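Novice: The chain contents come next:
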Amino acid sequence: MWTRSVNGRVLHFYLAGINNQNFLMRDQETGTWWQQITGKAIYGPLQGEALDLVLSDELTFGEWRAETPRGEVLAPVVQYAKEYDSNWEPQVAKLPVVISFPGTELKSRDVVVGLTIHGAARAYPWETLSRQSPVLDRVNDTPLLMVVGPDGKSFRAFVSRVDGHDAEFFLQANGGVDAGPKEKTESDKKTESKVKTSESKKDWALLDTTTGSQWNFQGCATSGPAQGKCLERIPALKDYWFDWRNYHRDTTVYTH
Amino acid sequence: MPIGPTRRKQSFLWIAFCLCALAAIALFFIPAFIIRPFTHQSPRGLVLAMALRQRAPLGTLIATVSCFALAIALWNLVDRWRKSFLVLALLIVTFSAIMSRQNYFEWMFHPIRAQQFLAASDTKLDAEEMIMAVRIGSDARAYPIRQMAYHHVLNDVVGGVPIAVTY
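Chains as they are written, first to last, in the working numbering: chain A, 52 to 307; chain B, -7 to 159.
Keep in mind the hints are simulated off the structure, nothing from the lab. Check each hint, because a few of them may be wrong.
Claimed, not checked - Simulated pairs of lysine-lysine, DSBU-like, Cα-Cα distance not exceeding 35 Å:
(1) K253(A) / K204(A)
(2) K133(A) / K204(A)
(3) K253(A) / K289(A)
(4) K204(A) / K116(B)
(5) K91(A) / K133(A)
(6) K158(A) / K289(A)
(7) K75(B) / K1(B)
(8) K116(B) / K289(A)
(9) K204(A) / K91(A)
(10) K133(A) / K116(B)
(11) K91(A) / K158(A)
(12) K253(A) / K116(B)
(13) K204(A) / K289(A)
(14) K158(A) / K133(A)
(15) K280(A) / K116(B)
The model shown is predicted, which means the values in this text are computed figures rather than measured ones.
Start from the sequences, fold in the hints, and give me the full structure.
Specialist: Below is the structure:
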């Protein structure tokens, strides 16, 4: 998501084309062309300008509703209801890719979570993230905490610092036994799927090793010495590898 | 045998007509060909496409009007086969001029003109459905990805801040 104000002027965007499978938009006010994934004006009177990123989440509706019971949801447009294909993701995954970047283990349509820290881009393979969550990392000397939510589909990224000090986080397993970030065996996965009831989702919490506080998926401490404090959120984008790599030429890839 | 003034005039008119027709056709068809789904766009190709598309509405209009004027001038000077060619060319040129003013991407992915919102408790979304969510000030909004994957872009105002929701 992007802000729509540039130099104090509010712009209105519309779909205008496609550039290597990432869409182009134009603003009605000046006709400038903007790249969707970067928010940068690439041609026209405002060429060189950039939109400001708006911090947003990609979550399940259930997770969001639990966190934001009074929120509003975009209503479907009745006349286009049949265009809203609930099965669109697997169908899109079958479409041809027009640009590829060999040299990594990642395939073009592998899903990654991408972020940039002070200009340095990093991609976290979704398969690795969901297996190893929470993931602790460091990019451009910034400690990061990448978390997949209790629903196994929502994700968030935080700066892993509490009171200005680097912090390490672990997932609190059921029964109060601490479980550090680790590779999950097939047996672990089967056990995990059995206990993934709404009750276990409610018990979901992270623990930090510095203060021993419990933290929720919103990155806020719910108990312990850090109660009431929240971690700084970082914008992160779930994308196909080829698209992330195409617009972040120097991106590194998290491997573990 | 020297070419008479009438023949010279015809040649000039034909050359001018063809140039105008090619210009009108190029201004629409080249960008349409370059910017199409499931094909690779090179950086130079993309710049060319955007440059032509930007100038196409006015450019095709001028070229089309010129083509019609030249065709009228030629009409009584040519045989019926060339008249047919003129008509065909004018149809294609007119098509280019009309299409240069259309956003056919929005024919494929209709925009939301006036968005409506429902309270979270009133929606019929499944708990597992993925959404994009934003919170600004006291406003918290969710945009189902299934809907945004179709519309691609939505201009909204959340917490008094104008934002573009894109997917």
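Novice: K133(A) and K204(A) were given as a pair; does the straight-line alpha-carbon distance stay at or below 35 Å?
Specialist: 25 Å, holds
Novice: Is the Cα-Cα distance between K133(A) and K116(B) 35 Å or less?
Specialist: 15 Å, holds
Novice: Does K116(B) lie within 35 Å of K253(A) when you go C-alpha to C-alpha?
Specialist: 22 Å, holds
Novice: Would you check the hint for K204(A) and K91(A), treating anything up to 35 Å between C-alpha atoms as holding?
Specialist: 29 Å, holds
Novice: Given the hinted pair K158(A) and K133(A), is their Cα-Cα distance within 35 Å?
Specialist: Satisfied, since the Cα-Cα distance of roughly 31 Å is no more than 35 Å.
Novice: Regarding the pair K280(A) and K116(B), is the alpha-carbon distance no greater than 35 Å?
Specialist: This hinted pair holds, its Cα atoms lying about 34 Å apart.
Novice: Under the criterion that the straight-line Cα-Cα distance not exceed 35 Å, is the pair K204(A), K289(A) satisfied?
Specialist: 11 Å, holds
Novice: Does the structure keep K253(A) and K204(A) at a Cα separation of 35 Å or less?
Specialist: Satisfied, since the Cα-Cα distance of roughly 15 Å is no more than 35 Å.
Novice: When you check the alpha-carbon spacing of K91(A) and K158(A), does it fall within 35 Å?
Specialist: 26 Å, holds
Novice: Between K75(B) and K1(B), does the CA-CA distance stay at or below 35 Å?
Specialist: Distance ~17 Å between K75(B) and K1(B) Cα, so the pair holds.
Novice: Taken at face value, is the distance from the CA of K133(A) to the CA of K91(A) at most 35 Å?
Specialist: 32 Å, holds
Novice: Between the alpha carbons of K116(B) and K289(A), is the straight-line distance 35 Å or under?
Specialist: Between K116(B) and K289(A) the Cα gap is close to 25 Å, so the pair holds against 35 Å.
Every hint, counting from the list given before, is met by this structure.
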